[in-house]
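Engineer: Given only the sequences and the hints, what does the whole structure look like? Please build it.
Numbered per the working numbering, the sequence shown spans residues 1 to 260.
There could be a bad hint or two in this list.
DSBU-like mimics (lysine-lysine), calculated; alpha carbons at most 35 Å apart, straight line [claimed, not checked]:
no.	residue 1	residue 2
1	Lys72	Lys155
2	Lys72	Lys169
3	Lys169	Lys155
4	Lys154	Lys215
5	Lys169	Lys154
6	Lys215	Lys72
7	Lys154	Lys72
8	Lys215	Lys155
9	Lys215	Lys169
Simulated from the structure, these hints should not be mistaken for lab results.
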Amino acid sequence: MEIFPSIDHASRCTTCAIRHRSICDALSATEILSLNRIARSRVVPAGQMILGEGQARTVFANIVSGVVKLTKTLDDGRQHIIGLLFASDFLGRAYRAENPYFAEAATDVELCVFPTAGFERLLAEHPGLEHRLFQYTLTELDACQEWMLLLARKKAEERVASFLLMIAKRVPNMECSRVERRDEVHFVLPLSRAEISDCLGLTIETVSRQITRLKTRGVIELVNYREILIPDLARLQEAAYDAPAKVPLPKARRSVPAED
Numbered sequence: 001m002e003i004f005p006s007i008d009h010a011s012r013c014t015t016c017a018i019r020h021r022s023i024c025d026a027l028s029a030t031e032i033l034s035l036n037r038i039a040r041s042r043v044v045p046a047g048q049m050i051l052g053e054g055q056a057r058t059v060f061a062n063i064v065s066g067v068v069k070l071t072k073t074l075d076d077g078r079q080h081i082i083g084l085l086f087a088s089d090f091l092g093r094a095y096r097a098e099n100p101y102f103a104e105a106a107t108d109v110e111l112c113v114f115p116t117a118g119f120e121r122l123l124a125e126h127p128g129l130e131h132r133l134f135q136y137t138l139t140e141l142d143a144c145q146e147w148m149l150l151l152a153r154k155k156a157e158e159r160v161a162s163f164l165l166m167i168a169k170r171v172p173n174m175e176c177s178r179v180e181r182r183d184e185v186h187f188v189l190p191l192s193r194a195e196i197s198d199c200l201g202l203t204i205e206t207v208s209r210q211i212t213r214l215k216t217r218g219v220i221e222l223v224n225y226r227e228i229l230i231p232d233l234a235r236l237q238e239a240a241y242d243a244p245a246k247v248p249l250p251k252a253r254r255s256v257p258a259e260d
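Structural biologist: Spelled out as C-alpha cells, the structure:
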C-alpha cells in the first residue's frame, strides 16, 4: 500500500530548494508551470513505507528533503538494502507497470509527487525532461557498478569508509547535516548500525569495529552514536580507497621469433 499522508497542495516550483539540482532543471519556466499543475507535496514520517515492491506504480516523486531507503525481498522473506536516495533524487521507474523495490522513509521525508499518467505525458511532450531523466538513470547505473565493486573487492574498513564517504558527499543535500568548517563535514547517519551492516554485507559487530577503528585513526569523530564528524574528507576518501587506481602499464616486450 502506498501512503502519502499530510499536505495536499500544489508544489511551489519557483521557490523549490532542489529545482536546479533535480530533473526539473531541464524545464523552461513555461514547462515548469505544466509540472506545477500536477505536482503535490507529501510529508512521510521516518519508518513509513512509500512504495511497495511489485505493486502497481501510481506516482513518481522528487525527494525534496530527507533520505529514502530502497530494499528488495527474496522469496523466503529476506530483505536487502539496495540503495539510498537523497534530496534532489528521483523516485520511481518511468514506463514500468510495477514498483521494482520497496521504498521506505529512512528519515522524515518531504516529496514532490507526480501522478504516473500526468508525468509520463509530460515526458512525451518535453524531450528535455525525458533526456534529463535518462541521464539520471545512467548516473544510477554507474553508482550500482561502483557498489558491485565495493561488495566484491573492498575490505571491511574500506566498505564502511565508502559508505560514510557517500553520505558525506551528499551533505549539501541533507537537512540533517551541517558544515562547521570548509574542510570538515558533519552529519547524522540516516541508518542504524544494523541497516548499515545489511547494506554493506557485513555483521553489526564488524561495522561497529570498523567505525571504532576509523575513529581511533582520526579519520572520523563520533559526536554520538549516529552523529559523525569528518575532519578531513581527503583522509576518509583514502580510507575508502576511492582514488583512481594507479596501476603501471606493463613494459613493452620485444617480439621473439617463433621457433622452427
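Engineer: With reference to the structure, classify each hint as holding or not holding.
Structural biologist: Consistency of the hints with the structure:
For the hint linking Lys72 to Lys155, the alpha-carbon distance of about 24 Å falls within 35 Å, and the restraint holds. Restraint check: the Cα-Cα separation between Lys72 and Lys169 comes to about 25 Å, which is no more than 35 Å; the hinted pair holds. Taking the CA atoms of Lys169 and Lys155, the gap is about 21 Å. The hint holds against a cut of 35 Å. In summary, the hint linking Lys154 to Lys215 is supported, as the alpha carbons are separated by about 19 Å, within the 35 Å threshold.
Distance check on the hinted pair: Lys169 and Lys154 sit about 19 Å apart at the alpha-carbon level, within 35 Å; holds. With a CA separation close to 32 Å, the supplied pair Lys215 and Lys72 stays within the 35 Å bound. Distance restraint check for Lys154 and Lys72: the Cα-Cα separation of roughly 22 Å lies within the 35 Å cut-off, and the hinted pair is therefore satisfied. Among the hinted pairs, Lys215 with Lys155 is consistent with the structure: their alpha-carbon atoms are about 17 Å apart, no more than 35 Å.
For a cut-off of 35 Å, the pair hint linking Lys215 to Lys169 stands: about 19 Å separates their Cα positions.
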